[in-house]
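Undergrad: Sequence:
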Amino acid sequence: MKSKGSLLIKLLIIQYLSSLFVAQNFDFFYFVQQWPGSYCDTSQGCCYPPTGKPASDFGIHGLWPNNNDGSYPSNCDPNNPFNQSEVSDLMSSLETNWPSLACPSSDGISFWTHEWDKHGTCSESVLDEHDYFQAALNLKNKTNLLQALASAGINPNGESYNLSDIINAINQSDGFTPSIECNDDESGNNQLYQVYMCVDTSGSNLIECSVSPTGANCANQITFPAF
Numbered sequence: 007m008k009s010k011g012s013l014l015i016k017l018l019i020i021q022y023l024s025s026l027f028v029a030q031n032f033d034f035f036y037f038v039q040q041w042p043g044s045y046c047d048t049s050q051g052c053c054y055p056p057t058g059k060p061a062s063d064f065g066i067h068g069l070w071p072n073n074n075d076g077s078y079p080s081n082c083d084p085n086n087p088f089n090q091s092e093v094s095d096l097m098s099s100l101e102t103n104w105p106s107l108a109c110p111s112s113d114g115i116s117f118w119t120h121e122w123d124k125h126g127t128c129s130e131s132v133l134d135e136h137d138y139f140q141a142a143l144n145l146k147n148k149t150n151l152l153q154a155l156a157s158a159g160i161n162p163n164g165e166s167y168n169l170s171d172i173i174n175a176i177n178q179s180d181g182f183t184p185s186i187e188c189n190d191d192e193s194g195n196n197q198l199y200q201v202y203m204c205v206d207t208s209g210s211n212l213i214e215c216s217v218s219p220t221g222a223n224c225a226n227q228i229t230f231p232a233f
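Residue numbers are given in the numbering used here: position 157 of the sequence shown equals residue 163, and the series is strictly consecutive.
Note that these hints are calculated values from the structure, not bench results. Be aware that one or more of the hints could be misleading.
[Unchecked claim] Derived DEER-like restraints, expressed as beta-carbon distance ranges:
1. N174 <-> G194: 23 to 29 Å
2. S98 <-> E165: 31 to 37 Å
3. K59 <-> S80: 30 to 36 Å
4. C109 <-> E214: 33 to 39 Å
On a predicted model such as this, the values are computed, not experimentally measured, just so you know. A virtual CB, placed ideally from N, CA and C, is assigned to each residue, including glycine.
Full structure from sequences and hints, please.
TA: This is how it looks when you write it as structure tokens:
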């Protein structure tokens, strides 16, 4: 009896520790969208998905749990890998709004698998797999970055714009200050690449960021390339 009791206690301890591991705490999400023109015109290049060239619009990169001290959890539950059947009703929207531009050409499954396994599993305490991807799609519709920039006369035409004007345009539209990440095209021009918005732990509401992402690498003047 003693050995059975000891085994039960050990199993309960393991179960408790496992629950802590899966339901890691985090303070907010980064909702990250990328401009396909800036992804594709680097020396690395890009590959369109089998469905063809994506729309000339910002695409979702990910919804990433983060902490106020700048750290972030990752790969929180290897026992709950991406399951395509869980998001079967979202496939069309994911293909449109969350396309993969990586090479070789991909239908997006590997991209979404990576995002769920690395980031999504760390939000399981509030969002299951379907809710996680639905939350990102909802945020994409809510922010509408391309329209926000166009309303301020900022268009993807290869022209140069003030970084502060880009930030202000998004702030005026959505009510919160974004962080902008830049990269360089093949000619070395600094350009608008990714937009980070902060979201509360429900995955639903934009909030003001408590910490900025590292590695923004933006000049005061950046280009907004065509796609």
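Undergrad: Does each hint fit the structure? Answer for all of them.
TA: Going down the list of hints, with the structure as the test:
The beta-carbon spacing between N174 and G194, approximately 26 Å, falls within the hinted interval of 23 to 29 Å. A beta carbon spacing of about 33 Å between S98 and E165 agrees with the range 31 to 37 Å that was offered as a hint. Restraint check, K59 to S80: a C-beta distance of roughly 31 Å satisfies the suggested window 30 to 36 Å. Taking the beta carbon of each, C109 and E214 are about 37 Å apart, inside 33 to 39 Å as hinted.
In terms of the numbered hints stated before, the structure departs from none.
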